[in-house]
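> Chains as they are written, first to last, in the working numbering: chain A, 1 to 452; chain B, 1 to 336; chain C, 1 to 237.
Errors might be hidden in some of the hints.
[To be verified] Listing some non-contacts, in silico: residues in chain A with all C-beta distances to chain B over 10 Å:
no.: 1; residue: 28
no.: 2; residue: 90
no.: 3; residue: 93
no.: 4; residue: 160
no.: 5; residue: 189
no.: 6; residue: 304
no.: 7; residue: 334
no.: 8; residue: 452
[As the list claims (entries may be wrong)] So the derived label-pair ranges between C-beta atoms look like this:
no.: 9; chain 1: B; residue 1: 217; chain 2: C; residue 2: 32; range: 41 to 51 Å
no.: 10; chain 1: C; residue 1: 136; chain 2: B; residue 2: 135; range: 45 to 55 Å
no.: 11; chain 1: C; residue 1: 71; chain 2: A; residue 2: 439; range: 34 to 44 Å
no.: 12; chain 1: A; residue 1: 320; chain 2: C; residue 2: 167; range: 18 to 28 Å
no.: 13; chain 1: A; residue 1: 169; chain 2: B; residue 2: 145; range: 54 to 64 Å
no.: 14; chain 1: C; residue 1: 140; chain 2: B; residue 2: 145; range: 53 to 63 Å
no.: 15; chain 1: B; residue 1: 11; chain 2: A; residue 2: 398; range: 51 to 61 Å
no.: 16; chain 1: C; residue 1: 69; chain 2: B; residue 2: 183; range: 39 to 49 Å
no.: 17; chain 1: C; residue 1: 71; chain 2: B; residue 2: 202; range: 21 to 31 Å
no.: 18; chain 1: C; residue 1: 229; chain 2: B; residue 2: 217; range: 49 to 59 Å
no.: 19; chain 1: C; residue 1: 66; chain 2: B; residue 2: 203; range: 19 to 29 Å
[Said to hold, decoys possible] Result set (EDC-like, lysine to aspartate or glutamate): computed pairs, CA atoms no more than 20 Å apart in a straight line:
no.: 20; chain 1: B; residue 1: 286; chain 2: A; residue 2: 145
no.: 21; chain 1: A; residue 1: 236; chain 2: A; residue 2: 152
no.: 22; chain 1: B; residue 1: 188; chain 2: C; residue 2: 111
no.: 23; chain 1: B; residue 1: 188; chain 2: C; residue 2: 99
no.: 24; chain 1: B; residue 1: 188; chain 2: C; residue 2: 112
no.: 25; chain 1: C; residue 1: 81; chain 2: B; residue 2: 203
no.: 26; chain 1: C; residue 1: 81; chain 2: C; residue 2: 111
no.: 27; chain 1: B; residue 1: 107; chain 2: A; residue 2: 314
no.: 28; chain 1: B; residue 1: 332; chain 2: C; residue 2: 137
no.: 29; chain 1: A; residue 1: 226; chain 2: B; residue 2: 309
no.: 30; chain 1: C; residue 1: 157; chain 2: C; residue 2: 9
no.: 31; chain 1: C; residue 1: 157; chain 2: C; residue 2: 33
no.: 32; chain 1: B; residue 1: 106; chain 2: A; residue 2: 312
no.: 33; chain 1: A; residue 1: 300; chain 2: A; residue 2: 451
no.: 34; chain 1: A; residue 1: 236; chain 2: B; residue 2: 309
no.: 35; chain 1: B; residue 1: 107; chain 2: A; residue 2: 312
no.: 36; chain 1: C; residue 1: 157; chain 2: C; residue 2: 118
no.: 37; chain 1: C; residue 1: 157; chain 2: C; residue 2: 112
no.: 38; chain 1: A; residue 1: 226; chain 2: A; residue 2: 145
no.: 39; chain 1: C; residue 1: 155; chain 2: C; residue 2: 111
no.: 40; chain 1: B; residue 1: 326; chain 2: A; residue 2: 126
Simulated from the structure, these hints should not be mistaken for lab results. All C-beta atoms, glycine included, are put in the ideal place defined by N, C-alpha and C.
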Amino acid sequence: MSQSMRTPLLFAFVAVLFILEGTTSAWIFSGSWNTALGILNMALISAIMALGVNLQWGYAGLFNVGIMGFVALGGLATVLVSLPPTPGAWTAGGAPRILLALVLGAATVIASVLVQSRLPKGRARELSTLAILVGGFFLYRWVFDGGVGVVEAIKPANFGNIGGINPGGVDGFRDWGIITLLAWPLGGVLAAGAAWVIGKTALGLRSDYLAIATLGIAEIIISVLKNEDWLARGVKNVIGLPRPVPYEVDLQNSASFVERAASFGLDATTGSTIYVKLAYMVLFTLVLLALLWLAERALKSPWGRMMRAIRDNEIAAEAMGKDVTARHLQIFILGSAICGIAGAMMTTLDSQLTPGAYQPLRFTFLIWVMVIIGGSGNNFGSILGAFLIWWLWVQVEPLGLWLTQILTSGLADDNWFRVAMQDSAAHMRLFTMGLALLLVLRFSPRGLIPEK
Amino acid sequence: MDFLNGLVVLANFVLIPATSYGAQLALGALGVTLIYGILRFSNFAHGDTMAFGTTITILLTWSFQSMGISFGPLPTALLALPFGILATGLLLVGTDRAVYRFYRRKKAAPVILVIVSVGVMFIMNGIVRFIIGVGDQNFADGERFIISARDFKEMTGLAEGFALRTTQVLTIVVAVIVVAVLFWFLNKTRTGKSMRAFSDNEDLALLSGINPERVVMVTWFIVAGLATVAGVLYGLDKSFKPFTYFQLLLPIFASAVVGGLGNPLGAIAGGFVVAFSEVTVTYAWKKVLTYWLPDSLAPDGLVQLMSTDYKFAVSFAILIIVLLFKPTGLFKGQSV
Amino acid sequence: MSEPFLIGDMMTGGYGRGPDILHECTISVNPGEIAVIVGPNGAGKSTAMKAIFGMLNFRSGTVRLAGEDITALSPQDRVIKGMGFVPQVRNIFPSMTVEENLEMGAFIRKDDIRETMEQVYHLFPILKDKRRQAAGELSGGQRQQVAVGRALMTKPKVLMLDEPTAGVSPIVMDELFDRIIEVSRTGIPILMVEQNARQALEIADRGYVLVQGRNAHTGTGKELLNDAEVRRSFLGG
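Okay, chain A solo, but in the shape it has when bound:
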């Protein structure tokens, strides 16, 4: 089958899966449009993450296993934008003090880097670097701890954090939900910053080192989110973030909406949830299409061709005078920024940030499975992979349950094997994902829609 036929057919197949989910309740399908759209929205976000990863892996051959961290930074951006400033956090000198501390911390690092590069090599340089770092650290901690103490003391049950920049204030911030859209690009910027630090250190060394370094930064970003309560309340979670689409309750209270819903044969509750999900779907689709267009443009530009030339033969590209490390840094930052945008969108969709929910298997490795199964190097492949794998990820549990029921149907209800199998259907996810990844790598390493 030619590839031009194959791509639309595969996308049609995925579309059928989602339509079945919405229309029929047979087999593993729920027959609920609400569920179908829920899966679809997360699939759209996953598709954006997959685009970012494909940029790094497919275009440049960079192995990033810190996707979770960049996604979480995006989530942080949503909190920092969409919440109103916590009353008292800025006026009582807490938040400014924290900011000052962060500036001091950055200044310390910059000063020590300057000393390293300006002073001649020798004991004087080592000692002064050490002095700057140690002195800077204690100064930073002194300023920082004071500020954190003030902020975290503000009504810890509800706040205890610095809040965001929502101009609506504590009472009216929900009316300013539209500002959340601003968080999406900001999430990209935060992720790009983290990517710059990692890329500067680990790029240009062996490919394994980038993998290890990204694995590390992801864990650290999550532990910062969990422990820095002043930032986004840590494990106390931030809930009820404002959102750029209407609230279901408001829709249900609007007579004209109830009327419109009724004309489609829907009751107000179902109609409102579907409406909200559709609104998100439109927003996410717009972002996805815009990024896809940019990525395709980039791929076909001289820049994209150069990237692939570098990927296919680094030594030759270097010999032709290409600065491989600089180009890699560029694409690594871009790809991570896209993951940050997707992360901000996801937190917007959830209306909450729960740092404990970030699991590497779900947010890093699952995206990898999507890209590789979909077809690395091909943007459409990555998107297809995201839709398909996300659908599978959600459905593998009912699927597993169904399978175990078939397998153990001859056994008594309390048979140990049957019980064990049913209890562990949840772990099937990891196993299935791993198996799918290995099978595709082995038998179809170019994925469902291969690179042209």
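Assemble chains B and C onto chain A, guided by the hints.
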């Protein structure tokens, strides 16, 4: 007296725990570094290999306990350990046959093998959770303390107690034995030397008639041994939880990179560097300093450089510093 | 003319599926002889040697060792048959000691290797002094001696050297050539590829000048050195 009391606190909360943790990391890093040296990729499934070996050992320990078999004052897990190693070895060799060998024959790029190891990690993680679940498991038995804090106080008359747990001493003793046997094997036996030769120069090793498949099989079995021992010791010392073992990957990689990937001696040194940094940076020094400094200088705060939640940040910072200034590690590892 | 001890006969082929590099090229060597392959850059000198050692895909031609057709054998199997090969680069185990390098050379042997090791130490006395040192820490010339010593440990019936003097100083080069002559005096046929054509032909019993993968001139070392055409075209007058 104050000085001694401070020293006791230091030993109790920093020196001994860091040494045993360092030994556990060193064993883990040795496994990673051996795979890197022989098979030339960073094995992301190593944490889950440790978890698998530990899981099997725990299951056997429980069945031994239920049969009334015990190892006197030592943990029963030590009796189950050889079987755990054997099972892990078989799993790894099976995985190599089913998965890695194909890419080795194809001479795939290292990064492909890394991705493949991620797939293996998923599957092993699934198997471990399937067998034992996701919760915390405690399987230590036998004598808990060699010296308890109260005995120590009575013995010495010091205000501070010093407790030496069996698992801490056991970790260090077992690690020393394992490392000694490993180095004897690598430096003195024909098979061990052929492994080093293969790691040094694969093509020349082939020309010399060294059978690569045999080298690889032996490596997987040694790695199974190292991973299971490291996992069981960590589990005895702290507790067993599959997700914790996955997270151990970072300090273990940091140890291996700090020492120089592919260099066994470096892996051991790296393990202790990472463990001591992690413990000293996250330890609250208030008590020690109160004993050691004159009263006027006694600290008010905890004097904790970083909260314990950031222990991964320590391994990570060490990793970054090494990558920036000496990418081949403290001991010369293989190419950058 | 009787069959030579080792002969690559009318070899045609290239690497993998690439284009042919050798064209009906014939190289042979007999016991007690030093055969040298010389030629301009890109003439296929090293390729010809690798072809004899089984690292090339043949389209036609055969390799015979002591009358036996070994064309289908892998390099490893050729080592077992008695061919010793010293690659041009990466020809030692750098982190292992000199003695361990020699031991690894004898890996396929099941008998006592101490006598062979003494012989190698006798040929290369400096290696005996440095036998506990890591081979990677030695000087270039010493490393080449380790490499040759390693290949001798299998007690090969024929020794093949790929540019043994690449990258060493002229003094070291002379010493290496002396050693190679000594090895040859023990009766082992030696086939080598050399960049330093003039010096190599001086010690050669047999010389092959390759041009673009074909035999251009063949003769004793002296004949080739005196051949006006050879001198003009690439010995530089």
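> Hints numbered earlier in the text: which of these fail when held up against the supplied structure?
Every hint satisfied by this model.
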